[in-house]
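Student: Single-letter residue listing:
2 protein chains.
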Amino acid sequence: MVTRQSYDQELEALRQELLRMGNAVAMAIEDAVQSLAKQDVNLARKVIEGDDIIDKMEVDIEDKCMVLIARQQPLARDLRIISTGLKITTDLERIGDHAYDIANVTLRLAHQPLIKPLVDIPRMAGMAQKMLHNALEAYFKLDITLAEQVCLADDEVDNLYQQIFRELLTYMMEDPRTISQATQLIFVGRYLERIADHATNIAEWVIYLVTGQRLRKK
Amino acid sequence: MVTRQSYDQELEALRQELLRMGNAVAMAIEDAVQSLAKQDVNLARKVIEGDDIIDKMEVDIEDKCMVLIARQQPLARDLRIISTGLKITTDLERIGDHAYDIANVTLRLAHQPLIKPLVDIPRMAGMAQKMLHNALEAYFKLDITLAEQVCLADDEVDNLYQQIFRELLTYMMEDPRTISQATQLIFVGRYLERIADHATNIAEWVIYLVTGQRLRKK
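The listed protein sequences correspond, in order, to chains A and B. When we follow the UniProt record's numbering, the leftmost residue of the first sequence carries the number 1, and every step to the right adds one. When we follow the UniProt record's numbering, the leftmost residue of the second sequence carries the number 1, and every step to the right adds one.
Heads up, a few of these hints could be off.
It does not matter which identical chain is meant; a pair holds if it fits inside one copy or across any two.
Claimed, not checked - Straight-line Cα separation of at most 27 Å, BS3-like style, residue types lysine-lysine; simulated pairs: (1) K64 with K87; (2) K56 with K87; (3) K116 with K46; (4) K56 with K116; (5) K38 with K87; (6) K141 with K38; (7) K38 with K64; (8) K141 with K46; (9) K141 with K116; (10) K116 with K64; (11) K87 with K116; (12) K38 with K116; (13) K38 with K130.
Rather than coming from a laboratory, the hints here were simulated on the basis of the structure.
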């Protein structure tokens, strides 16, 4: 028989593992965008190689959730902790994939000068990273107010993405030689917009965890 | 006390709900790509409005999984049926989102002639749809061979995406007036490539369900 105390310890261990995965994913975004802005191929390779570790973290967390479910009959809040754990790990893994995607763009653009120094893309990345950071903090503190702030911030990221998108289209139209690179940078904008969506999903899972109410996901 | 028989019935009901959701999602891809090729705004709106229904199916399936977990202590195969159900419904929901994304491209391009009749995009959609169909069939028949075929087919879709991508870049370089539309069509290619990735994920979940072995996900 598993005691309530040891069960609580296992739930806490699950939360800690999610935090570690969240930190690994946040670092992957940071490194990926830095690698792009500085055309640093080695840093991009580090992100690409690190994706396997993030994927493995997801598998470990899922397995831990399954063991907790199998050994217990979790109800209400406990069940929501585990089910949101399963959901959040999926969102984190997808964010890691997008960092991997951005690092691949770095490799693709490594042997050509950037059409302009990147300013808005790192800014957008900073906004998405802050959303992820706040979503994870909201999860650990069960802080609904912070979770709601994350959801609201998503509109700003969407607006910046639209601005970046239009600007890159203009570049392409004015100078067709920029088309190939600008297309890749549009993809990067899209990946960052998706990262912000996943951070929003995580914040919505926190609201579900605390209130039992599900919001419309993106 | 829930009897084994009624429990088996509930697991079967879960599988049936996943099939219904899979069919709804397959229809959404079909309609979205048809709406794009035929510039049919009404059909695009149908896909966009239908996305709420698909999202609701995901929530219902997740709730059903949670109830099954809470009322039972599922082990081994039973636990894998439920945990893969949770994962597959997430992949299906993401596929539905991409159908929604494609329908939005239809609306964006509605008031301009297509730069050329769409041939490769519907072909790519057909391949992705077939992968989804086979992945769902593999799930219902627990057919590993079929699931492995789905995983192999993903490379063909990736190759076709690269071909579409290069062709659209060429269009843009030769005639900058096509840039805005070609960029949207590149997005559609990317969404279809992601749909094929999610079908591959589902096939990999089937392999996990049957063998207990997890493959590297995309």
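Student: Please work out whether the CA atoms of K38 and K64 approach to 27 Å or closer within one copy, between two copies, in both situations, or in neither?
Tutor: neither (38 Å within a copy, 48 Å between copies)
Student: For K116 and K46, with the copy left unspecified, which applies at a CA distance of at most 27 Å: within, between, both, or neither?
Tutor: Classified as within; 24 Å inside a copy, 41 Å across copies.
Student: Classify it for me, K38 with K116: is the Cα-Cα distance of at most 27 Å met within a copy, between copies, both or neither?
Tutor: So K38 and K116 pass the 27 Å test inside one copy only (12 Å; across, 38 Å).
Student: Tell me, please, which holds for K56 and K87 at an alpha-carbon limit of 27 Å: within, between, both or neither?
Tutor: both (16 Å within a copy, 16 Å between copies)
Student: With identical chains treated as interchangeable, where does the CA-CA distance between K87 and K116 reach 27 Å or less: within a copy, between copies, both, or neither?
Tutor: neither (38 Å within a copy, 41 Å between copies)
Student: I want to check one pair: K38 and K130. Are their C-alpha atoms no more than 27 Å apart within a copy, between two copies, both, or neither?
Tutor: For K38 and K130, only the intra-copy Cα distance (21 Å) is at most 27 Å; the inter-copy one is 42 Å.
Student: First find the shortest C-alpha distance between K38 and K87 inside one copy, then the shortest across copies, and answer within, between, both or neither for a cut-off of 27 Å.
Tutor: neither (34 Å within a copy, 37 Å between copies)
Student: Check K116 against K64 for me: Cα-Cα at most 27 Å, and say if that holds within a copy, between copies, both or neither.
Tutor: Answer is neither: 46 Å inside a copy and 51 Å across each miss the 27 Å cutoff.
Student: Could you figure out if K141 and K116 sit no more than 27 Å apart (CA to CA) within one copy, between two copies, both or neither?
Tutor: Intra 41 Å, inter 54 Å, cutoff 27 Å: neither.
Student: Please work out whether the CA atoms of K141 and K46 approach to 27 Å or closer within one copy, between two copies, in both situations, or in neither?
Tutor: neither (31 Å within a copy, 41 Å between copies)
Student: When no copy is named, should K64 and K87 be tagged within, between, both, or neither for a Cα gap of at most 27 Å?
Tutor: both (13 Å within a copy, 15 Å between copies)
Student: Within, between, both or neither: how does the pair K141, K38 come out at a Cα-Cα threshold of 27 Å?
Tutor: Intra 36 Å, inter 50 Å, cutoff 27 Å: neither.
Hint compliance for this structure: hints 4, 5, 6, 7, 8, 9, 10, 11 are not met, and every other hint is.
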